[in-house]
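*Asks:* Next come the chains, spelled out residue by residue.
Protein chains: 2
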Amino acid sequence: MTQTDTALPFDAAQLDRLAEVAIRVGVGLRPGQDLIVTADAAALPLLRRIAKVAYREGAGLVTPMISDSAITRARYEMAADHSFDRAPGWLYDGMASAYGDNSARLHIVSDDPMLLADQDTDKVARAGKALNQAYTPARKMITGFQTNWSICAYPAPSWARLMFPDMAEDAAVAKLAEAIFAASRADREDPVAAWNAHNAELLARRKWLDDHRFHSLHYSGPGTDLTIGLADDHRWKGGKSTSKKGVDCNPNIPTEEVFTTPHRERVSGIVRATKPLAHQGSLIEGIEVRFEGGRIVEAKASKGEEVFLKLIDNDEGARRLGEVALVPASSPISASGLLFYNTLFDENAASHIALGQCYADCFTDTKMSDEEIAARGGNSSMIHVDWMIGSTEIDIDGLDADGGRTPVMRGGEWAQAL
Amino acid sequence: MTQTDTALPFDAAQLDRLAEVAIRVGVGLRPGQDLIVTADAAALPLLRRIAKVAYREGAGLVTPMISDSAITRARYEMAADHSFDRAPGWLYDGMASAYGDNSARLHIVSDDPMLLADQDTDKVARAGKALNQAYTPARKMITGFQTNWSICAYPAPSWARLMFPDMAEDAAVAKLAEAIFAASRADREDPVAAWNAHNAELLARRKWLDDHRFHSLHYSGPGTDLTIGLADDHRWKGGKSTSKKGVDCNPNIPTEEVFTTPHRERVSGIVRATKPLAHQGSLIEGIEVRFEGGRIVEAKASKGEEVFLKLIDNDEGARRLGEVALVPASSPISASGLLFYNTLFDENAASHIALGQCYADCFTDTKMSDEEIAARGGNSSMIHVDWMIGSTEIDIDGLDADGGRTPVMRGGEWAQAL
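In order, the protein sequences belong to chains A and B.
Following the working numbering, the numbering of the first sequence begins with 249 at its first residue and continues without gaps.
Following the working numbering, the numbering of the second sequence begins with 249 at its first residue and continues without gaps.
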């Protein structure tokens, strides 16, 4: 249930600063832009602060799209079978049109990642697929950076209870809040300046990778011997992005990764996940897959295997890679030692890959058509799901087209000081 | 703030029954229909129950559209001037398309009616006008009964505090809850049977009025000497309606009125409001207007006059009538003696009229074009605002085309037993 502000078991001043970070650093909202904010009702204390900051910064209209996890659960508990193939296409089509009309977008993550863990996996998968299909026009506007957008997080009680099951609820919420504020740099005196410095570091790392123009990356470690070809004309991204309309934004608050687009046909070898993957309310552990010609040809998991196999069967592109990302094992989120059960955080604890849709702006030419992107090896799919393959036991080399090798990471850390 | 279920200061079993009434009597949801529910976050305890009932009754997808009054207020407190001409057209266009695609609709009233009472009336009026314009396609689907829809109410603390300012909050909420449950027949053992009986009574009254085919109604009483011409081919409605797709619904929970479409050019004389009108967060009292040729040519109010004058300046149709409704002064809501500051309730305490858009289904032929409706005297506008002109001091006569008079109401009560 929604908490009253007076009852927040953490420092409200840091929540104020998180709202500033979300609008000024994350969304980079420009005066006159409208803003669509999607959030669970549990995140209202942050959503309200964000609306105030957005209006103060000159927003036209802030439209909150508030969901409620109890209503989400009610569907699985009560609905007839036909319900699980339905999705609100009219809503997502409208959002896509708003993004094309200069509305910015912010999503607040707060939900219990295990919300649907005890529900019928077939129903969860079907509902997810219907949602993914309906969301395609809006997702393309977002992944193509037709507008400025961001995702940030709020420490809702259900999420905190999952992470800290042995603690009293208020203490668990306080601990999650502390981790979110630290990772989002809302614990700093001047969070905006801290983000500027962080973005400069990520930019230097991107420049080093772009300058080397690697043909592929090779990963080695326990259970992993994987070559990931990079897309032709790929470009490394990370931290600050710029929308097609020229607005700077930080799509993920927090973020520690640099990432680019792999070639959908040039991935081969075996890889073992180094952390669990929380997906649509299920926890998938011990993923091991083999790629041939870019495609997953063998897959297993020690837990949640059925969910993982359904995931990669969403469409042809769901078996291929859409993102490859590098994160040092010493990143602050990794150092926290916490498993957040949420990609926004967990992907910043380790190098990772994503199945599914690629990012159109991870190319040197960011105005290409879908066909031009596909011709350079960019993957397309209605899913985009990250999972962790990095750890202190993983080495990564950059390979040139002629076979030359450059150490990129050793024992999970950058091999080169910049 | 949202209340937890465990802390509800009233009988949760009656809230369960209200959810049953809302879906089975109000919306009349059919298996396979989607449902869009608009509500403030404060109404989550009812919204969650409604979602469960809707899914149990075979809903495809229940899409909650949850607003938050603190975010609404943040706009008035923080936003730049340009914000007040903005409205989320993409959202309402999408809703209109969903209604055309067999989505049913439910709105839960719960907000503090005085939420914006202390804000700049010019900003409130501009924002209201922008919203009304953007909402036009969706409103036409609703007023034209292209789908089945309903409005019901939830006893939120802010609304209860306004009605009972001298009571402790829990006691005020309990008192408002009791009034809502009673008026909505959720306090009965079998609310659905009670609604069936009530609808039969309203139907008999409609039939009597239809059989008399009055040319106009004449109102007399203190400050009132008003003739309201009825539209050609008008039909009386009230209680149960049937959508264009043949689905029975009760658009208002509660409802005590029978109503039809006046002729937009045949209203003349003076009329004095008998109750205050709560409009967009302002309370308008002591309205007195004079009609000529169907149009308001003089208007004043003892309180909130500026808001009322802005309201009737929204467009040309805002000065003309779109609805005339008859309610006995002894109706249960009138007998409660409460002022709810909300039309859904207060309009059921007295006979009333509405400025603005007429209902397309208040004609014998319910499939007419906008032009055909206009040719019969139906009014069009982007507003539809009810205000009360009935009391125990008002007599109403039905006039035939040749001047014959039939008593309809005497001292606020039906003149004829049926």
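Hints were generated in silico from the structure; no laboratory data involved.
From a predicted model like this one, the values you see are computed outputs, not experimental measurements.
Fair warning: there could be bad hints in the mix.
Note: identical chains are not told apart, hence a pair may lie in one copy or across any two.
[Stated by the list, open to error] The calculated SDA-like cross-link candidates involving lysine to any residue, where the alpha carbons are at most 20 Å apart (straight line), are: (1) LYS492 <-> PRO385; (2) LYS488 <-> ARG453; (3) LYS523 <-> ASP458; (4) LYS371 <-> PRO279; (5) LYS455 <-> ASP618.
*Asks:* Now tell me, hint by hint, if it's right for this structure.
*Replies:* Verification of the supplied hints:
no.	hint	result
1	LYS492 <-> PRO385	within (16 Å within a copy, 31 Å between copies)
2	LYS488 <-> ARG453	within (13 Å within a copy, 67 Å between copies)
3	LYS523 <-> ASP458	neither (28 Å within a copy, 72 Å between copies)
4	LYS371 <-> PRO279	between (42 Å within a copy, 18 Å between copies)
5	LYS455 <-> ASP618	neither (26 Å within a copy, 62 Å between copies)
When the structure is compared with the earlier hints, violations turn up for hints 3, 5 and for no others.
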